[in-house]
Each structure stands twice: as structure tokens, then as C-alpha cells.
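Whole structure, please, built from the sequences with the hints as guidance.
2 protein chains.
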Amino acid sequence: MAKKSKAPAARKKPAPKTRKPTARAKTAKPRRDPLAPTPVMTGKGPGPLEVGKSLVEMFNRGLFAEIEDTWWDKKKIASVEGHGVGMAWVGLKAVRAKNDGWVAEHAIHGASAEGPFVGSTGFTVRFKMDVETKATGQRQVMDEVGVYTVENGKIVREEFMYLIP
Amino acid sequence: MAKKSKAPAARKKPAPKTRKPTARAKTAKPRRDPLAPTPVMTGKGPGPLEVGKSLVEMFNRGLFAEIEDTWWDKKKIASVEGHGVGMAWVGLKAVRAKNDGWVAEHAIHGASAEGPFVGSTGFTVRFKMDVETKATGQRQVMDEVGVYTVENGKIVREEFMYLIP
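Protein chains in written order, with the working numbering: chain X, 1 to 165; chain Z, 1001 to 1165.
Errors might be hidden in some of the hints.
[To be verified] To give an idea of the interface, some chain X residues facing chain Z are shown, with a C-beta separation under 8 Å as derived from the structure:
1) Gly-82
2) Leu-92
3) Val-147
4) Thr-149
In short, the hints are calculated from the structure, not lab data. Virtual Cβ for every residue (Gly too), placed ideally from N, Cα, C.
Right, dumping it as C-alpha cells:
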């Protein structure tokens, strides 16, 4: 069940159980409430909100190369394709080779990005692309979600997930 | 740049560079092409497609408890809330406590799930919920994406990401 709240549940955690004082009690560290949540962070630099907003804006202006230049972690970037492909391309050269191959084989007649949907470890974007496969002339509207992981202000991982109607 | 293809790029990898034969060449293992992708798998049991389809169908029938009973990995489940909350609840008791708290504080006037969008490590679902905060009477339509990770036929992690307009 989804949850969205301006008042984090952390503030609503039940009061800690009282314990009888013991000889060790004065020096013992307070025991952590096992039901309490722990913070999730992405490190230094721009977080998922800033990176996600910028990516969506760049995509909708057609600035695809700028997305890579600005936001990819050049040392860590990995790209995973979803259902029916099931593969991970790891490293800048491998991801570039995948994308270059795809661009060479397809003509894009229209593309839009919706989002970002902003999480704690990253963000997601919904893409719709009107795409023609050059070799066959086949045209289709792709409807998919990109799931992006952010670390220290850069995108380190993307996974594309396809709408199965 | 997103990619969707019935013909995995694995088949399109460039031919390996030819090497002059050496004394070691006959026994050397073939060197892996560093640009080639590697398979991504979720282990035994139902994969992201099956789990995702079932979750969406159950959600749209209002069978929220059944989703947990059927698909959560009771030992590993972790739930992460996104932007503005930034917390992870780890373990069955903690995730249940979070959800129970949320359900107690809100009235749901309508809810729908769209998807699944199917990846390699899991799937995503887009949720729209018409929700009233009981204490204040405030009503809003939440628009968010749930990102689910599947391992060995179960959901081990969910992260909710909120649409920031």
C-alpha cells in the first residue's frame, strides 16, 4: 500500500518500551526501535529531484546528448533493458554502444517525458516515443518507464521497464 | 536514451578483434567482449511480468492484503518512501506498522493501478489514489510510481516515487 505524508511516520513511532534499570543501564546506548525507519540518502551533490527535473526538461527539448554529458556518472553508469531483453550494459563504452546502435536503427517521430516521479534513491520518468524501425518501416508507440538511481549527484544506473497491456 | 527491441543488442555486438596467434593462444580462454551485455535474472519462481500483472490486478480489485500475503518476501521485505519522506522501513513488522498507520489516518475514495511496466530486476506500477486525510479533511489525488524488486518469485523491496509537477 502506498503512503504519502507530510508527517513522516518516524514521528509516529510507538513510545519505546520501558526497561527496568540495571547496573549497565546508565552506560548502555539507547536501543534502536526496530520498527523505526532509517534515512535514505544519495550522497553529495544534486539529489533525485534536481536531477530528475533536469533530465525531463532536457529530454523534452531533444537534448539527449546533454543528458549524458551532464548527469551520467562516467565511471559507474550501467543501463539495464527490461522484459524481453533482460540484459545489463555496464560502463560508458558499453552503454554508448547500445544507444548508438539503437539510434542508428530507428527513426524517432515524436518523444515525450513525463515526470519526474521522485523517490529516495532516485527517480522515474515515463517515456512515450513514436518510433520507426528503419529496416522494416514498422512504426509503434513505445510506452515505458525509466528507473534512475542517483549517487553523489550523478546517475549511476538506469533500467527501462516496458508497459505490458 | 530509451531502447526497446525484439532483437537484443547482444546479437549485434561487433566481431571480436583478431589477434595474432601466440604460444598461449590455443589454451587461452576466449576474452569476453567488454561491450557485450550480461543477463539480468531474478532467480527461481515467478518473474517480474507475472508478479507485476498479479499485483496490478489485485490492487484494482481492492485486494490489498492479498498482495502482501501472496507476493511479499516475509523475511526480506523493505519499503522506501520517496521525496519529502526519505526513509526505509525494513522487515515485515516495520512495513506493516507503516502501512497500518497510513490506513488508519486516511480514507481512500478511489484508487487505480496502471501497469505493470516490466523490467529485468522487477517492475513498476503507476498509482492514482483519491485520498482524504481524516484529521484535516484535506483531499488530494496522489500520483505516484511504485518500483518493485523481485527475487526468487517474491517482492523484496518497494520504493514509492511521487510525481512532482
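Quick rundown of the hints versus the structure:
Restraint check, Gly-82/X versus chain Z: the minimum CB separation of about 4 Å is within 8 Å; hint holds. The beta carbon of Leu-92/X comes no nearer than 10 Å to any beta carbon in chain Z, farther than 8 Å, and the hint placing it at the interface is violated. With a cut of 8 Å, the hint placing Val-147/X at the interface with chain Z holds, because the nearest CB-to-CB distance is about 6 Å. Taking 8 Å as the C-beta contact cut-off toward chain Z, the hint placing Thr-149/X at the interface is violated, the least distance being around 10 Å.
The earlier numbered hints that this structure contradicts are 2, 4.
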